[in-house]
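Undergrad: One-letter residues, chain by chain:
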Amino acid sequence: MAYFPHTETEVRQMLETIGVQSLEELFADVPEKYRKEKIEDFPALNEMELMAEVNEQRFQQNHFKYDHCFTGAGRYDHFIPAVVPQLAGRSEFYTAYTPYQPEISQGTLTAIYEFQSMICELTGMDVANASLYDGATALAEAVSMAVTATGRKEYVIANPLHPNYAQVLKTYLTPRNITAGEKIGQSTAAVIFVLPDYHGLISDWSQVLAEAKAAGALLIVCADPLLLSVIEPPQADIIVGEAQPLGLPMSYGGPALGFLAARQNYLRQMPGRIIGRTTDDRGNRPFVLTMQTREQHIRREKATSNICSNEALCALTATIYMSYMGASGLQTVARLCKANTDYAMQKLGSIPGFSVEPGEHFRDFVLHCPTDAREFRINYLHEDGIEAISLSDKDLLLSVTEKTLRESTENSSIDWIYGCLEREWKN
Amino acid sequence: MSNIPQELKYTKEHEWVRIEGDTAVVGITEHAQSELGDIVFVELPAPGAAVAQHGDFGVVESVKTVSNLYSPLSSTVSAVNDALAATPELVNKDPYGAGWIIKLQGFDPQELTALLSAEQYQKEIGG
Amino acid sequence: MEKLIFEYSRPGRRAHTLPEAPQVNFGVPERRSLRLPEVSEIDVVRHYTRLSRQNYGVDSGFYPLGSCTMKYNPKINEQIAAFEEFAIQNPNTDDWRMVGLLRILYETEKMLCKIFGYAAFTLQPAAGAHGEFTGLLIIRAYHLDRGDTRRVKILVPDAAHGTNPASCTMAGFKQVTIKSMPDGGVDIEDLKKNLDDTVAGFMLTNPNTLGLFEKNIAEISELVHAAGGLLYYDGANANATMGIAKPASMGFDVCHLNLHKTFSTPHGGGGPGSGPVGVTEKLKPYLPVPIVEYDVYVNHYFLEDCLPKSIGKVHSFYGNVGVIIKAWAYMKMQGAAGLKKVSEMAVLNANYIKARLQGVYDIPYDRVCKHEFVISVKEFKKQYGVTAADIAKRLMDYGYHPPTVYFPLIVSECLMIEPTETESKQELDAFCEVMLKIAEEIKTDPELVRSAPHSAIVGRLDEVKAVKEPDLNYFLC
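Protein chains in written order, with our numbering: chain G, 11 to 437; chain E, 784 to 910; chain D, 105 to 581.
These are calculated hints, taken from the structure and not from any lab test.
Everything numeric in this text was worked out from a predicted model, so none of it was measured.
Accuracy of the hints is not assured; some may be wrong.
Taking lysine-lysine pairs in the DSS-like style, the calculated list, with each CA pair at most 30 Å apart, reads [as the list claims (entries may be wrong)]:
no.	chain 1	residue 1	chain 2	residue 2
1	D	K572	G	K43
2	D	K214	D	K444
3	D	K283	E	K847
4	G	K180	D	K444
Generate coordinates for the entire structure from the input sequences, incorporating the hints supplied.
TA: Right under this line is the structure:
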């Protein structure tokens, strides 16, 4: 038991001020039958005992750690400069609530305005919101916007989308009778294009854009923010994505950071918080939560979304990361990732029996195996301390980042997996 | 004391209607605009849209409130005040004039009798 | 005021120390420009440090923001969640490599089950509203699974949080508003009038948004269940009932909690939160996938994806695991008895402030409150032209974060005060003194209060301009 400052004397004094005899009396309005119920007990640890317990779980985690990780598929192990967690870890940021009172929340408000601006710059869009839970829910919210804007109720997924994202779309949209369609047509509200796709493939979106336009549907691009730092952003209506690669640890999937940016004319349909700049009565140009009539606390059942708390601290973290990196840093990371992907694909694809999915890939790529990929992964790769995902009996999904070590480096992961694949397959 | 022109008819939801020949002009009352505060957005129907008496046809927004607009008559929207898109504050500044919201054509004058007179509306708002 | 990071930018300046990148081909056209700040490391450090000083957190001082449970966020929780063994883990990794982490998730679920009386919890929802949405989808799936397709309505009290009706719409329901009685309780007659075989469920917060315990909960539960509906518990106010009354025993079939309120995880200036959803035995089949399971025979923790009647996935992976770890650490340190004490002390503190302000401020619901209470200053507004917002701003001059204002919507000119259990008597007394002093100021110098805050770094903001001339993007302004 911890964090209770009152002494026993103080509790007595306070009860007296209130005019009751006991703490129980404060709960007299709770029917007795509930109060009499026993709660199944569990013990309290002190801080020292808790740390011992935590260290036991850390040991368990470490015990089964792999030496070479090639797992990506939605969360990526990028380098995080020391500045980022140190600044985002300032408690004036992380112990604050949503910035309802602008006079004492300019820190969060300013940073989120910077975040919105940077997301707009990356995506080439006009307006961005203050964040959503993750990339998958951001995509669902974007489809919902398209449904409102077009009055249609179908979405079409143009290229391979992460299966978890597809499942979230289904969960989110089916209750409102919004369904996945096969072909782009007159009933299509939104066409979803993924960049890069689930397999890491970067493909040209111009055909999909033309088809969406011709059908009067919105083009939603679900894009990786690092890739956007180097390529010309697509001429989409809405761009969403997962910004975990921008300075956030993978955290076993969450907290993550969904972003959503759109053209100006969809501003009123956007979900979530939006920060704007205004003036005050002293000539300052401060920031404030704005366009709030879209939101649940005002428009209630007619709100654009039910979202209230978002991922503000993650947005702040990404903002600090992008400030520190600048354009040159972000683009360097993206190019290093691409170079490592190219190298790994070329090297592993050259092993007799193995081949890679063709095309330009970013971080993730598919390795076709000459044997059952699932068994190969468990029987050989794990033995060699390598972690990767099996997509099917034929394919492995591998992933690299700028951190993945390569040629001429001691402990190079890519050379290690090359050596293993070659050796194991020969045997 | 709120300005409630004698010649207009009113709804309990604070809309007014003025008959100009075969056209009915609709807006919100001075009392309503002052209760709402600075109006920042007016969501208008498309011309040609059908409206029902006491049915909602649009929305007015201030910074932190949203209110539905209710039609005083069953009719068809013949025109909307496009100026409100850029200058919604007209509803605050001149609620019975330049701040009109929609015009209706084709309605049953009989329905007017179900609306409030200036005196009745005055009572309604406790004035 | 601190300027924007973009305004520190100088062409050619950089902070990072990355190696040179080789030439690569992306296969699509590369962009010509990217206008991100070009700054040094110290520019970044000073800018965000200055911004942090323009913020107010629980670590800065007393934060009685009603309905938000701004309790102290223990430092040990932050340290634990940041350990690499937990933070640097890819969610696609095999279960058998995640023994420690999965065990933490499993234990978190089991502790929540004990306190709130449920058969199972999902930890997947990333915030309270996300939990509401998940809970409502479970209710929907339950009725449809029984072949009952008529239940299209969810009842919501007029005093409810705005997320409740908004979540109904997202889950494909039509929401119907139920009136409150003058004492803040549910209007039973209005409830009866609206209960029929088209009602899927009733969403309720208990204690309600006025901080009052719903005394008729047993009758409400009977009525809703007799009509074939389910009862939903909005756990925003769970800080008042832990160890006192289990929502499951009160008849709530589904419940969401806010770990970032009740279980001490920091709110982060608007998230990340975490909104676990608890269900009774009969609703377990509908939980979102995956669920964390434990095989006692081989001592194995694993994620179960095969749940044929599941509502599906609501998050790309398993929710905000980094937040859940902090709540786990908190529960471990409190134990079941500690969590009961949390509720007792939270209720004691709220009633203490209420008693001290009584007589000077109008407290419209004069009975023992739970963890928070509402005062109305409509008399001050009538007599002196001072509003709830003015008092909120004046509190900033005295170094406090203001209470919640203008919520719930059913009380005019209201302030909602929630002190939480982690504040000392001295802190509460100092706050009460200031509140009493402001009441004096309202009578003697109302302009002083009306024109507050006087000490903040910015004055009163032009919120009308913010909406009418939206400036939301530095590059467009």
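Undergrad: Against this structure, judge whether each hint is valid.
TA: Going down the list of hints, with the structure as the test:
1. K572(D) - K43(G): With a Cα-Cα distance of about 55 Å, the restraint between K572(D) and K43(G) is violated, given a limit of 30 Å.
2. K214(D) - K444(D): 17 Å, holds
3. K283(D) - K847(E): Holds: K283(D) and K847(E) sit about 22 Å apart, inside 30 Å.
4. K180(G) - K444(D): It is violated: about 40 Å lies between the C-alpha atoms, which goes past 30 Å.
Hint check: violations occur at hints 1, 4; the rest are consistent with the structure.
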